[in-house]
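Each chain is listed here by its residues.
Protein chains: 2
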Amino acid sequence: MRILILGADGYLGWPTCLYFSQRGDEVIGVDNYFRRNAAVELDCESLIPAPDLFQRAEIWEDISDKKIKVHAGDITDYEFLLSIFREYNPDAVVHYAEQPSAPYSMINRDKAAFTLQNNLISTLNIIYAVKEVNPDCHIIKLGTMGEYGTPNIDIEEGWLDIEHKGRKDKFLFPRQAGSLYHTTKIQDTDMLWFYVRTWGIRVTDLMQGPVYGLSTEEADMDPQLMPSFHYDEIFGTVLNRFIVQAVAGYPLTVYGKGNQTRGFLNLKDTMQCVYLSAMQPAEQGQLRVFNQLTESFSVNQLAEKVKAIGDKMGYNVKIDHIENPRVEKEDHYYNVHYTGLAELGLEPHYLTDQVLEKFFEITSKYKDRINKDAFFKGIKWK
Amino acid sequence: MRILILGADGYLGWPTCLYFSQRGDEVIGVDNYFRRNAAVELDCESLIPAPDLFQRAEIWEDISDKKIKVHAGDITDYEFLLSIFREYNPDAVVHYAEQPSAPYSMINRDKAAFTLQNNLISTLNIIYAVKEVNPDCHIIKLGTMGEYGTPNIDIEEGWLDIEHKGRKDKFLFPRQAGSLYHTTKIQDTDMLWFYVRTWGIRVTDLMQGPVYGLSTEEADMDPQLMPSFHYDEIFGTVLNRFIVQAVAGYPLTVYGKGNQTRGFLNLKDTMQCVYLSAMQPAEQGQLRVFNQLTESFSVNQLAEKVKAIGDKMGYNVKIDHIENPRVEKEDHYYNVHYTGLAELGLEPHYLTDQVLEKFFEITSKYKDRINKDAFFKGIKWK
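Those sequence lines, one after another, are chains A and U.
Position in the first sequence counted from 1, then plus 1, gives you the working numbering.
Position in the second sequence counted from 1, then plus 1, gives you the working numbering.
Fair warning: there could be bad hints in the mix.
It does not matter which identical chain is meant; a pair holds if it fits inside one copy or across any two.
[Stated by the list, open to error] Derived DSS-like pairs: lysine-lysine, alpha-carbon spacing no greater than 27 Å straight-line:
| # | residue 1 | residue 2 |
| --- | --- | --- |
| 1 | K67 | K381 |
| 2 | K368 | K330 |
| 3 | K169 | K330 |
| 4 | K381 | K366 |
| 5 | K378 | K132 |
Everything labelled a hint here was simulated from the structure, so no lab data went into it.
Keep in mind it's a predicted model, so treat the numbers as computed, not measured.
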């Protein structure tokens, strides 16, 4: 298939390009380098040296003899996005091109406005480009489990059947997120759902939990193929941050009580989930929602796991409970249902001791590049 | 109280300025003249000649000896909005400053993007200005009954208690709207709800049905105080359009079967609802939602009412069922609950024969200004 990957330079974007390319698909990758630039501005650059998209495509071609076509550009510019759609007429488009950080969206008004505008206009533009160029093109949208927040009822897979005063209907599962960034993902879902109903486009919305890891089949071929990897307060997800903190001899920064529970998945499983979704697309007029996670952990459980393996490997890991900069429930019910991706064929890579050990090993090679100032900057929600 | 009215030049904005001013409140009105300019661009100008905001304020001062302070400016420009908040430090802000038309939002990508950006950035800016200048300032936000769509269950007032698998929680009532414009109102609600939970701001979100009418206590003092009034396909709400069509001898444009049912209210009641909400504000940390309507009618019922009165007044009204340009259910369940505003003291003005007769009388004075080309332009949802 011909697949367009937006946000191709990111932690998930580049591994996804490689994954599809390795399996014989024609890959077009686009990025505006927003995160790269923001990471310089905020002094929290990738742990792994990240060649730019053009260099990455060359490295990949040298190794695999496969071509990934890359373009630098901003998809909030509709004319640019339309030109890409017209040039390639993709069968599917993967939308990773959003401002992906909760703390970033809470820094100030300008960064909140940027997040809102970037995320919503990019999604709108994709919807319009699909309608204009090929209404059959399958949109694979990265949502987040954070859209649901932490409700006091079981989290179903995207939808909820409601019976009320003797009458029934089916609705999007209630959404109430914990940051402006997560709220823009809800707003994306609102918008996708409207255009799915109105225009009959086909959309898969992946409610993804925090991703961890560095190893993928392709990245393991050559260190130059590794993803960009953030471990800081702003762009780093929690387990990635803990591993790097442990390697750096910095106490793990657990926010508040640490009983906050979320669904997680291995980077390898993100690749699988997106690939399986692309190969078995949503129907026309369907907003297909999957909860994309393989296991649930509390922050404390993750910290304990990192400490156990880290200590065994000689790192002497300390855990610090710091004042929670976020506004979130620290004790809450959390029971998520996720069967859709398993039914498509997902074979999970769980967070075993071996996985953690390998994660430590890879990370330790980049120990000299760790910037401890990036671990905690204290971006407060209030 | 000192009240800031954003979108002060509009159909609801100007009457609201007058209503508060007449009752002794200090009113500051702001508008960027978006609708005025869009109506020129799309050849669908106000039926009533509308002086600009500065002229209107002068006319009002001549008549009432009361001052309304007015500013022309765009509240998506945060520095501008902040300067207004700093200058006046309002007790409450009424947010009418959104692109308010469903068809406008469906014309093309650029107008969809404008709607998205204008409506969400304006709401974000208000939230930030409130936080920065006075977190106690009460935000009164105009939402729409259209946020709910036409679910197969009773529409409750903003919220829904859900019991699921033996556990309970309370959520925003499910929302699924019928246009991109209406979807931006859902997105506004998502965003307001996030910041209410996180920052403890106080918000009243008014889920308003389509408004009709021209008469208010203040507008009745002098024709120069009348609101701008749109009767076209793009900016005109259905009953306003029907009245003007009847006066012009143009068949009433009923979309499809005409069984589409909505909640309506008189312009006078919008004034009351906003005023009552301002005088009895939401609590800090409360998103207070009211369903703002006084009666429900199907489009056919409205057409029949207009025909009955119009015929009696000698207009020989014809009703035309035209192909529905929208994507919407033409037969559906509709049962809305609305008690909150009545509890605050709302005294409804229902759609009586007398009200319709007076509406015909006022409208007929402007018969020569009717532009029949504006009644139907055929903006299709698909």
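Quick rundown of the hints versus the structure:
no. : hint         : result
1   : K67 to K381  : neither (45 Å within a copy, 44 Å between copies)
2   : K368 to K330 : neither (34 Å within a copy, 60 Å between copies)
3   : K169 to K330 : between (31 Å within a copy, 17 Å between copies)
4   : K381 to K366 : neither (32 Å within a copy, 59 Å between copies)
5   : K378 to K132 : between (43 Å within a copy, 22 Å between copies)
The earlier numbered hints that this structure contradicts are 1, 2, 4.
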